[in-house]
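Going down the list, the protein sequences come from chains E and Y. Note that the first sequence covers residues 3 to 279 in my numbering. Note that the second sequence covers residues 3 to 279 in my numbering.
Warning: the hint list may mix true and false statements.
In this list, chains with the same sequence are indistinguishable; a pair is considered to hold if it fits within one copy or across any two.
Claimed, not checked - Here are the computed lysine-lysine pairs in the DSBU-like style, where the Cα-Cα straight-line distance is at most 30 Å:
| no. | residue 1 | residue 2 |
| --- | --- | --- |
| 1 | Lys131 | Lys58 |
| 2 | Lys193 | Lys101 |
| 3 | Lys219 | Lys116 |
| 4 | Lys131 | Lys65 |
| 5 | Lys218 | Lys122 |
| 6 | Lys101 | Lys131 |
| 7 | Lys122 | Lys193 |
| 8 | Lys65 | Lys122 |
| 9 | Lys122 | Lys219 |
| 10 | Lys193 | Lys58 |
| 11 | Lys65 | Lys193 |
| 12 | Lys218 | Lys58 |
| 13 | Lys218 | Lys116 |
| 14 | Lys219 | Lys58 |
| 15 | Lys218 | Lys131 |
| 16 | Lys219 | Lys131 |
| 17 | Lys218 | Lys65 |
| 18 | Lys193 | Lys131 |
| 19 | Lys101 | Lys58 |
| 20 | Lys219 | Lys193 |
| 21 | Lys116 | Lys58 |
| 22 | Lys101 | Lys219 |
| 23 | Lys219 | Lys65 |
| 24 | Lys101 | Lys218 |
Just so you know, the hints here were simulated from the structure itself, not pulled from any lab data. The structure presented is a predicted model; accordingly, all values stated were derived computationally and were not measured.
There are 2 protein chains.
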Amino acid sequence: MAGTNSERVMLAEGPAIILVEPQLGENIGMVARAMANFGLVELRLVNPRDGWPSDKARAAASKADHVIDGTVVYDTLEEAIADLNFVYATTARYRDGFKPVRSPVTAAETLRAKFRTGEKTGILFGREKSGLSNEEVALADEIVTFPVNPAFASLNIAQAVLLMSYEWMKSGMEDVHGVPFDAPEQPAATKEQVIGLFEHLEEALDARNYFHPPHKKARMIENLRAVFSRRAFTGPEIHVVRGVISSLDRFARPGQRPPAGKSESEAEATHDDDRDA
Amino acid sequence: MAGTNSERVMLAEGPAIILVEPQLGENIGMVARAMANFGLVELRLVNPRDGWPSDKARAAASKADHVIDGTVVYDTLEEAIADLNFVYATTARYRDGFKPVRSPVTAAETLRAKFRTGEKTGILFGREKSGLSNEEVALADEIVTFPVNPAFASLNIAQAVLLMSYEWMKSGMEDVHGVPFDAPEQPAATKEQVIGLFEHLEEALDARNYFHPPHKKARMIENLRAVFSRRAFTGPEIHVVRGVISSLDRFARPGQRPPAGKSESEAEATHDDDRDA
Numbered sequence: 003m004a005g006t007n008s009e010r011v012m013l014a015e016g017p018a019i020i021l022v023e024p025q026l027g028e029n030i031g032m033v034a035r036a037m038a039n040f041g042l043v044e045l046r047l048v049n050p051r052d053g054w055p056s057d058k059a060r061a062a063a064s065k066a067d068h069v070i071d072g073t074v075v076y077d078t079l080e081e082a083i084a085d086l087n088f089v090y091a092t093t094a095r096y097r098d099g100f101k102p103v104r105s106p107v108t109a110a111e112t113l114r115a116k117f118r119t120g121e122k123t124g125i126l127f128g129r130e131k132s133g134l135s136n137e138e139v140a141l142a143d144e145i146v147t148f149p150v151n152p153a154f155a156s157l158n159i160a161q162a163v164l165l166m167s168y169e170w171m172k173s174g175m176e177d178v179h180g181v182p183f184d185a186p187e188q189p190a191a192t193k194e195q196v197i198g199l200f201e202h203l204e205e206a207l208d209a210r211n212y213f214h215p216p217h218k219k220a221r222m223i224e225n226l227r228a229v230f231s232r233r234a235f236t237g238p239e240i241h242v243v244r245g246v247i248s249s250l251d252r253f254a255r256p257g258q259r260p261p262a263g264k265s266e267s268e269a270e271a272t273h274d275d276d277r278d279a
Numbered sequence: 003m004a005g006t007n008s009e010r011v012m013l014a015e016g017p018a019i020i021l022v023e024p025q026l027g028e029n030i031g032m033v034a035r036a037m038a039n040f041g042l043v044e045l046r047l048v049n050p051r052d053g054w055p056s057d058k059a060r061a062a063a064s065k066a067d068h069v070i071d072g073t074v075v076y077d078t079l080e081e082a083i084a085d086l087n088f089v090y091a092t093t094a095r096y097r098d099g100f101k102p103v104r105s106p107v108t109a110a111e112t113l114r115a116k117f118r119t120g121e122k123t124g125i126l127f128g129r130e131k132s133g134l135s136n137e138e139v140a141l142a143d144e145i146v147t148f149p150v151n152p153a154f155a156s157l158n159i160a161q162a163v164l165l166m167s168y169e170w171m172k173s174g175m176e177d178v179h180g181v182p183f184d185a186p187e188q189p190a191a192t193k194e195q196v197i198g199l200f201e202h203l204e205e206a207l208d209a210r211n212y213f214h215p216p217h218k219k220a221r222m223i224e225n226l227r228a229v230f231s232r233r234a235f236t237g238p239e240i241h242v243v244r245g246v247i248s249s250l251d252r253f254a255r256p257g258q259r260p261p262a263g264k265s266e267s268e269a270e271a272t273h274d275d276d277r278d279a
């Protein structure tokens, strides 16, 4: 892809998702959708209860047809993982055994590292009701488990696949704090712009004797400036705020008629010397 | 909770999940389930199309009754967020505006930090078909968006809530690489145990003239030791492997009768000097 290509890239790579004896076509479809959302494409089914293909699966996949069309069915788990180099088993509870247990983050990082060196990997997900058997877990290299509410651990198969697929996607990002789009670059205004705003505001307020009594003026200016600089305004925002001050300033000087319906500005409303009174 | 209390803790805290004009009760139920899985509890609905309460929602919530029972319905989004200090809007695409856009990881960290200082927070999710309007997004402080496959971005509302709830849970963990349970501590065997294994194996092989021709013996031992130490065995594993060697070693010395059905060991099978021939 050219760096500036705006075409939407279809990601389709990464570990195989292997569902062991899935029961509901709808769940298989939701798994396919979750995979497609995060760029996975290779779905393998071991002995699906209601057979394959499945109209219910295709409907629930919500147009993830490339995943549904590529789905391969196997009679046994051994066949389903035969060509893979490294396999995770997902389990919700501790299994007696000597397999390392990993978090989804660690598992995704491991899968990404193996993917980059050309190893073929997969993740096993068990039956809706009963998960994976101990014998099935034993075929995997490591276990992955999800951090859930101890008193409410009820992840279904599509949710579990979604989380692993999401972590897979994140493992390929340079920075998990990054975002695919952002507001245009908004540098903070220069200090000249900020001070210009302060002086504009203070002049307009001074004309109304806002700074009263006079010996409090320095402290009041200090407070005002703190309020108006606690969040750094951008240049365009300074422009907007100065427009507001100019607009409020119009027609309202002593001796001029205030416009109909003019409401008190917030600064005036919180000040005990209300010039509109 | 006492540190050693094995009772399952019901997590029920954190940001409010606010669904704006959700259409399907089933989706609301799946949202409640996703929330409960990751310890969230406060669900707010703005003007749900099919009314509230909803039997379909309760059924889809898969026993997350504490979330369903506590759900509050509002007429407007403004009322639904009135008591909150900080609000995220979830959107799938760039909106013209000046709101910062955050990743789910950053958003969850921010929500966690505000939670710890006592601020009330919420996350807005839009309609199934059309998401949030620009006016609704404008009521939020910041935007959160999900890293998805550019050519297949089809997260539904329950999936989006699941991911944010999951990141919320992770933001409270000391280490996202941590796991809720793990295999018992498995220290690597001592070098004395490892060398004991090597010597045991080499002695048994030597008795069968495995190391042939003699001038290659040193190199063959080096290779064997590399194979048997690439992954660090634990003490109990060393015990198992030595048991295997002892068992294979039995009855098979020259002059002894091999047991019926004895298969070649892998090391023998890959060696050109097959003593069974």
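So, going through the hints one by one against the coordinates:
{"no.": "1", "hint": "Lys131 x Lys58", "verdict": "both (19 Å within a copy, 21 Å between copies)"}
{"no.": "2", "hint": "Lys193 x Lys101", "verdict": "between (59 Å within a copy, 22 Å between copies)"}
{"no.": "3", "hint": "Lys219 x Lys116", "verdict": "neither (67 Å within a copy, 34 Å between copies)"}
{"no.": "4", "hint": "Lys131 x Lys65", "verdict": "both (27 Å within a copy, 15 Å between copies)"}
{"no.": "5", "hint": "Lys218 x Lys122", "verdict": "neither (73 Å within a copy, 35 Å between copies)"}
{"no.": "6", "hint": "Lys101 x Lys131", "verdict": "within (23 Å within a copy, 44 Å between copies)"}
{"no.": "7", "hint": "Lys122 x Lys193", "verdict": "neither (56 Å within a copy, 33 Å between copies)"}
{"no.": "8", "hint": "Lys65 x Lys122", "verdict": "within (26 Å within a copy, 38 Å between copies)"}
{"no.": "9", "hint": "Lys122 x Lys219", "verdict": "neither (72 Å within a copy, 35 Å between copies)"}
{"no.": "10", "hint": "Lys193 x Lys58", "verdict": "neither (62 Å within a copy, 57 Å between copies)"}
{"no.": "11", "hint": "Lys65 x Lys193", "verdict": "neither (52 Å within a copy, 56 Å between copies)"}
{"no.": "12", "hint": "Lys218 x Lys58", "verdict": "neither (74 Å within a copy, 63 Å between copies)"}
{"no.": "13", "hint": "Lys218 x Lys116", "verdict": "neither (68 Å within a copy, 34 Å between copies)"}
{"no.": "14", "hint": "Lys219 x Lys58", "verdict": "neither (73 Å within a copy, 62 Å between copies)"}
{"no.": "15", "hint": "Lys218 x Lys131", "verdict": "neither (72 Å within a copy, 56 Å between copies)"}
{"no.": "16", "hint": "Lys219 x Lys131", "verdict": "neither (72 Å within a copy, 55 Å between copies)"}
{"no.": "17", "hint": "Lys218 x Lys65", "verdict": "neither (67 Å within a copy, 61 Å between copies)"}
{"no.": "18", "hint": "Lys193 x Lys131", "verdict": "neither (63 Å within a copy, 45 Å between copies)"}
{"no.": "19", "hint": "Lys101 x Lys58", "verdict": "neither (36 Å within a copy, 40 Å between copies)"}
{"no.": "20", "hint": "Lys219 x Lys193", "verdict": "within (22 Å within a copy, 78 Å between copies)"}
{"no.": "21", "hint": "Lys116 x Lys58", "verdict": "neither (34 Å within a copy, 43 Å between copies)"}
{"no.": "22", "hint": "Lys101 x Lys219", "verdict": "neither (71 Å within a copy, 34 Å between copies)"}
{"no.": "23", "hint": "Lys219 x Lys65", "verdict": "neither (66 Å within a copy, 61 Å between copies)"}
{"no.": "24", "hint": "Lys101 x Lys218", "verdict": "neither (71 Å within a copy, 36 Å between copies)"}
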